[in-house]
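Trainee: These are the residues of each chain, in order.
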Amino acid sequence: DSGVTQTPKHLITATGQRVTLRCSPRSGDLSVYWYQQSLDQGLQFLIQYYNGEERAKGNILERFSAQQFPDLHSELNLSSLELGDSALYFCASSVTPLAANEKLFFGSGTQLSVL
Amino acid sequence: EDQVTQSPEALRLQEGESSSLNCSYTVSGLRGLFWYRQDPGKGPEFLFTLYSAGEEKEKERLKATLTKKESFLHITAPKPEDSATYLCAAGGSNYKLTFGKGTLLTVNP
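Protein chains in written order, with this note's numbering: chain D, 3 to 117; chain R, 13 to 121.
Derived from the structure by calculation, the hints contain no laboratory data. Bear in mind the structure is a predicted one, so any value in this text is a computation, not a measurement. Cβ atoms here follow ideal geometry from the backbone N, Cα and C, with glycine treated the same way.
Simulated crosslink set (SDA-like; lysine to any residue; CA at most 25 Å straight-line):
hint	chain 1	residue 1	chain 2	residue 2
1	R	Lys108	D	Leu41
2	R	Lys75	R	Arg24
3	R	Lys108	D	Ala89
4	R	Lys108	D	Leu32
5	R	Lys108	D	Gly44
6	R	Lys54	D	Val97
7	D	Lys105	R	Leu74
8	R	Lys71	D	Arg28
9	R	Lys54	D	Gly44
10	D	Lys105	R	Lys54
11	R	Lys54	D	Ser26
12	R	Lys81	D	Gly44
13	R	Lys81	D	Gly60
14	D	Lys105	R	Thr38
15	R	Lys54	D	Ser4
16	D	Lys105	R	Arg49
17	R	Lys54	D	Leu114
18	R	Lys113	D	Glu84
Estimated spans, in silico, between C-beta atoms of each pair:
hint	chain 1	residue 1	chain 2	residue 2	range
19	R	Glu57	D	Glu55	26 to 34 Å
20	D	Thr98	R	Glu57	15 to 23 Å
21	D	Ser67	R	Arg73	41 to 49 Å
22	R	Ser105	D	Arg24	31 to 39 Å
23	D	Gly54	R	Lys71	31 to 39 Å
24	D	Gln19	R	Lys69	43 to 51 Å
25	D	Thr98	R	Asp51	24 to 32 Å
26	D	Ser40	R	Arg24	20 to 28 Å
27	R	Gly41	D	Ser115	38 to 46 Å
28	R	Leu116	D	Gln46	12 to 20 Å
Let the sequences and hints guide you as you build the complete structure.
Mentor: Next comes the structure, spelled out in structure tokens:
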């Protein structure tokens, strides 16, 4: 158990809908990362928050947004969903904001299926 | 742009048959080279971090090594429970982490 909690584990929805994925980081970790994993693209970095502030952005679509709350949990909002958004979405956490230096702890992921 | 390429994409071994997985990276100012293990339906689990060329780290049947252009994950006498996808990631001077697409390892009894 990594200590990172993601809910829900599975989400099935229709095109055009909006969903929210939730992540609670490990106790003591201030940094939260969101990744998208698909078979053809591998793990793609979406966005990072550190202590409530956006720290870095990756290949995140404008239809997607995220935030980190004062209690450090984070939410990833996906709107106007398309079939191609179907993927595994992972949250990871670390103590510092320096992903390049420090190991990440990953949650079990949310499997999103857009029908 | 930072790039990480892993090979082979898939590897099938017999129990006890040693082999190596390759991770080639192109990043400016390597800050860390990471290996993760991912089981089906689960998140990646940290294995090793290597920081400089020549460094080696071991854990049970796994040994990771690092050169200036690539890293190897050596698996000695693997067991079926070593079956998983192994991911390599490189952190560059821009402090971003780039993952490879992984090697799916299957160890048959």
